[in-house]
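Peer 1: As you go down the protein sequences, you meet chains A and B in turn. Sequential numbering from 24 applies to the first sequence in my numbering. Sequential numbering from 24 applies to the second sequence in my numbering.
By construction, these hints were calculated from the structure, which means they are not laboratory data. Incorrect hints may have been included.
Same chains, same label: a pair holds when it works inside one copy or across any pair of copies.
Stated by the list, open to error - Pairs of lysine-lysine residues, derived as DSSO-like cross-links and limited to a Cα-Cα distance of at most 30 Å, are as follows:
no., residue 1, residue 2
1, LYS264, LYS204
2, LYS342, LYS424
3, LYS111, LYS289
4, LYS262, LYS55
5, LYS169, LYS380
6, LYS424, LYS380
7, LYS385, LYS37
8, LYS111, LYS310
9, LYS110, LYS262
10, LYS289, LYS204
11, LYS320, LYS55
12, LYS169, LYS310
13, LYS110, LYS264
Remember, it's a predicted structure, so these values are computed and weren't measured experimentally.
Protein chains: 2
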Amino acid sequence: MKLMRVTAPEDVIKIINDNFTALAAESVPLDKSGGRCLAENIYAPEDVPGFDRSTVDGYAVLARDTFGSGEGIPAMLECIGEVLMGKKAPQIKEGQCCLVHTGGMLPEGSDAVVMIEDTESTGTLIQIFRQVAPAENVIHKGEDLKEGVLALSAGHRLRAPEIGMLASLGVSDIAVHRRPKIGFYSSGDELVDYHTGSLAPGQIRDSNAPALLYLASQMDADIEYGGILPDIFETFLEKSKSMLEKVDFLVFSGGSSVGSRDFTAKTMNELGKPGLLVEGIAIQPGKPTLLASCNGKPVLGLPGHPVSALNIFAIFGEKIINRLTGKAERTFHPTVSATLSRNISSRSGRTEYVRVKLQADKDIINAVPVFGRSGMMRTLAEADGLLVIPAESEGLRAGTKVKITLWD
Amino acid sequence: MKLMRVTAPEDVIKIINDNFTALAAESVPLDKSGGRCLAENIYAPEDVPGFDRSTVDGYAVLARDTFGSGEGIPAMLECIGEVLMGKKAPQIKEGQCCLVHTGGMLPEGSDAVVMIEDTESTGTLIQIFRQVAPAENVIHKGEDLKEGVLALSAGHRLRAPEIGMLASLGVSDIAVHRRPKIGFYSSGDELVDYHTGSLAPGQIRDSNAPALLYLASQMDADIEYGGILPDIFETFLEKSKSMLEKVDFLVFSGGSSVGSRDFTAKTMNELGKPGLLVEGIAIQPGKPTLLASCNGKPVLGLPGHPVSALNIFAIFGEKIINRLTGKAERTFHPTVSATLSRNISSRSGRTEYVRVKLQADKDIINAVPVFGRSGMMRTLAEADGLLVIPAESEGLRAGTKVKITLWD
Chain A
24 MKLMRVTAPE DVIKIINDNF TALAAESVPL DKSGGRCLAE NIYAPEDVPG FDRSTVDGYA
84 VLARDTFGSG EGIPAMLECI GEVLMGKKAP QIKEGQCCLV HTGGMLPEGS DAVVMIEDTE
144 STGTLIQIFR QVAPAENVIH KGEDLKEGVL ALSAGHRLRA PEIGMLASLG VSDIAVHRRP
204 KIGFYSSGDE LVDYHTGSLA PGQIRDSNAP ALLYLASQMD ADIEYGGILP DIFETFLEKS
264 KSMLEKVDFL VFSGGSSVGS RDFTAKTMNE LGKPGLLVEG IAIQPGKPTL LASCNGKPVL
324 GLPGHPVSAL NIFAIFGEKI INRLTGKAER TFHPTVSATL SRNISSRSGR TEYVRVKLQA
384 DKDIINAVPV FGRSGMMRTL AEADGLLVIP AESEGLRAGT KVKITLWD
Chain B
24 MKLMRVTAPE DVIKIINDNF TALAAESVPL DKSGGRCLAE NIYAPEDVPG FDRSTVDGYA
84 VLARDTFGSG EGIPAMLECI GEVLMGKKAP QIKEGQCCLV HTGGMLPEGS DAVVMIEDTE
144 STGTLIQIFR QVAPAENVIH KGEDLKEGVL ALSAGHRLRA PEIGMLASLG VSDIAVHRRP
204 KIGFYSSGDE LVDYHTGSLA PGQIRDSNAP ALLYLASQMD ADIEYGGILP DIFETFLEKS
264 KSMLEKVDFL VFSGGSSVGS RDFTAKTMNE LGKPGLLVEG IAIQPGKPTL LASCNGKPVL
324 GLPGHPVSAL NIFAIFGEKI INRLTGKAER TFHPTVSATL SRNISSRSGR TEYVRVKLQA
384 DKDIINAVPV FGRSGMMRTL AEADGLLVIP AESEGLRAGT KVKITLWD
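Produce the entire structure from the sequences given, and follow the hints as far as they go.
Peer 2: Dropping the structure here:
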């Protein structure tokens, strides 16, 4: 019989990068831009801050008026008033000072601020117990961002800090890549909707749909669920065609049988050129995965086994979504460092993903493998995350320091 | 002048845990439950799987009919047909077999499955080239979850695997803790809405609001933004009172001046008992943080400086939200292991959060500190994450292995 041609995981990632690209740009308001990637360079339209500001609560002074002052020999300055927040500051002359709050505008004639705890007020005369250097406790106009500088480059993903920075610049609409729309079908004659109360013999509930839809919703994408496709090729192809027209990325959660897998592969080749690119991935669990490019749109066929389906979607589904959103590939990924609690052997030649539970024991975190067949839900819900064993490794010994990628 | 009474970060967390608790339970459909925490134990209402299933594509057999068979001496079995997916399987007798797909129901009379690659079909006679043991390639009724067992405990957070597990059990509505609603005000007379085009002298745009609203939206909470409060105590108190009635958690992004800080503290003591609990946190940046409990509801006063505000909300704001959603405290947190690129000194006595940029250099990831004043946006947008220097440390040397918590 025909053997499955498997592709190494790193080659699958290369195929994803070579075949798919960021979606078109659109303009969105800043408060809807979180998680999106910039489709344009942003240059600072003005200086930030727009004026010299105090970084402390205190008195704005001419620094040289404080030179030589100290605990026992205070300088005495005349206070001319207070800088009101959000208002232009009054002007001061030599020998004068002005009360200023953190973030307040520096008065013309002053060049530094003495912290309030280093002063004492006696009516309109202020005693200064500490000398300050010019520019001390001041942030200058344009010191954060100078008008015209590149503030953020195209491709930068907008997190909370970037949103804050753009807001401070007065940028309220920005060009970002469109949010991907994912079409999702389950398939397999054994599947029934998960709301089904009582099952007939041989039936199982479609548990992959709600699990994968939630996973995808966490990845800055919109989802359209098309329901369960029957194992009838004409229906399969027709429904897939009309879904693919509406979406940017089509996902099949395969029936686990050879039949629905064959339908999926055949459909992928009919949906557009070049069609099927990956017939299987050298990864465990999740080997029977299909990937196609149909007229520039990615089409992914996931294995039916829940553990495999989630594993593949979390790795390659996210890579595809990142590609569509324009998110840059990262060389670093957050993990939890832990100590392996027992030996794990590994079939050589495949990258293995082992589910582990993390158990804290004082300052040590132990990674305890959760064993079970790939169809078993319980093993997934018990696991905190995944440990990767590279294809060339024959296994890992108890006590090895490992890095765990959390599920959530 | 009065010194700020600061609380150690670990004591602030204790105060949060002691004063706030999970919100009431509500019933939600499974496909809206992602990220929420169970408010009930879930017991399996039925066996999963509900019938003995094949885990491979092959022939269902009586294992002892294959004993002794091998490459050169195949067993010959009569094929009585095929198990249709989602249908009850036909019955087999000794000497017979039946084609079955992955996930298909095991025929009555069989107890194992021979993989299709170990067989050859010659009409209705099937040659079996490999013996199988009883139960081989079979998952038994209830092997994943037995009817009546505790499937998930109250407090468990629902991720994709849990949603899949509950769907496979036919659980479609579940009791989870209510999603917190956060009320949010900015304050400070120097602030104007970030949509403002041209600024008057002394004004700055309210950049914290959009940044913090996005951060909060990432934490499974709903947000109501109330706008910018003027530095007028009566307005401050009245608006805060009416907002607190509608929400579960009230957040002030403070003006940076002493004035708005005083108003926030005074308001907290008027909003409900016991009032102000924390007047400052021994943390850098973010020291001037206020925390109150007002009739059981948390009220947080963030510093006005953008870096401080984001830092505090990412740490303590999230802790409060987790508490309200019923999410269990975790002893492990994902980080990126990196090598510090230069010496960092630290003022002793305060936990310091240093912004760092991560730079991959072959297999090494370098953590490069991004220095800048706490008001500077640019330093935040340049940083990938935060490095924590404990209060008792005097600093870290270049070359030290460090763990970085990513911003996103």
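Peer 1: Reference check for the pair LYS320 and LYS55, CA-CA at most 30 Å: within, between, both, or neither?
Peer 2: both (25 Å within a copy, 28 Å between copies)
Peer 1: Using 30 Å as the alpha carbon limit, work out where LYS385 and LYS37 are close: within a copy, between copies, both or neither.
Peer 2: between (42 Å within a copy, 18 Å between copies)
Peer 1: One pair to classify: LYS424 and LYS380, alpha carbons no more than 30 Å apart. Within, between, both, or neither?
Peer 2: Both, since 15 Å and 25 Å are each at most 30 Å.
Peer 1: With identical chains, the pair LYS111 and LYS310 could be close in the same copy or across copies; at 30 Å between alpha carbons, which is it: within, between, both, or neither?
Peer 2: Between copies, since 28 Å is at most 30 Å while 67 Å is not.
Peer 1: First find the shortest C-alpha distance between LYS169 and LYS380 inside one copy, then the shortest across copies, and answer within, between, both or neither for a cut-off of 30 Å.
Peer 2: between (49 Å within a copy, 21 Å between copies)
Peer 1: Measure nothing new, just compare the shortest in-copy and cross-copy C-alpha distances for LYS262 and LYS55 to 30 Å and report within, between, both or neither.
Peer 2: between (32 Å within a copy, 26 Å between copies)
Peer 1: Evaluate LYS342 and LYS424 at a C-alpha cut-off of 30 Å and name the case that applies: within, between, both or neither.
Peer 2: Classified as both: same-chain Cα gap 27 Å, cross-chain 29 Å, threshold 30 Å.
Peer 1: Evaluate LYS110 and LYS262 at a C-alpha cut-off of 30 Å and name the case that applies: within, between, both or neither.
Peer 2: between (63 Å within a copy, 24 Å between copies)
Peer 1: When no copy is named, should LYS110 and LYS264 be tagged within, between, both, or neither for a Cα gap of at most 30 Å?
Peer 2: between (62 Å within a copy, 29 Å between copies)
Peer 1: One pair to classify: LYS111 and LYS289, alpha carbons no more than 30 Å apart. Within, between, both, or neither?
Peer 2: Intra 71 Å, inter 28 Å, cutoff 30 Å: inter-copy only.
Peer 1: Please work out whether the CA atoms of LYS289 and LYS204 approach to 30 Å or closer within one copy, between two copies, in both situations, or in neither?
Peer 2: within (23 Å within a copy, 48 Å between copies)
Peer 1: How would you classify LYS169 and LYS310 at a CA-CA limit of 30 Å: within, between, both, or neither?
Peer 2: between (52 Å within a copy, 28 Å between copies)
The structure shown violates none of the earlier numbered hints.
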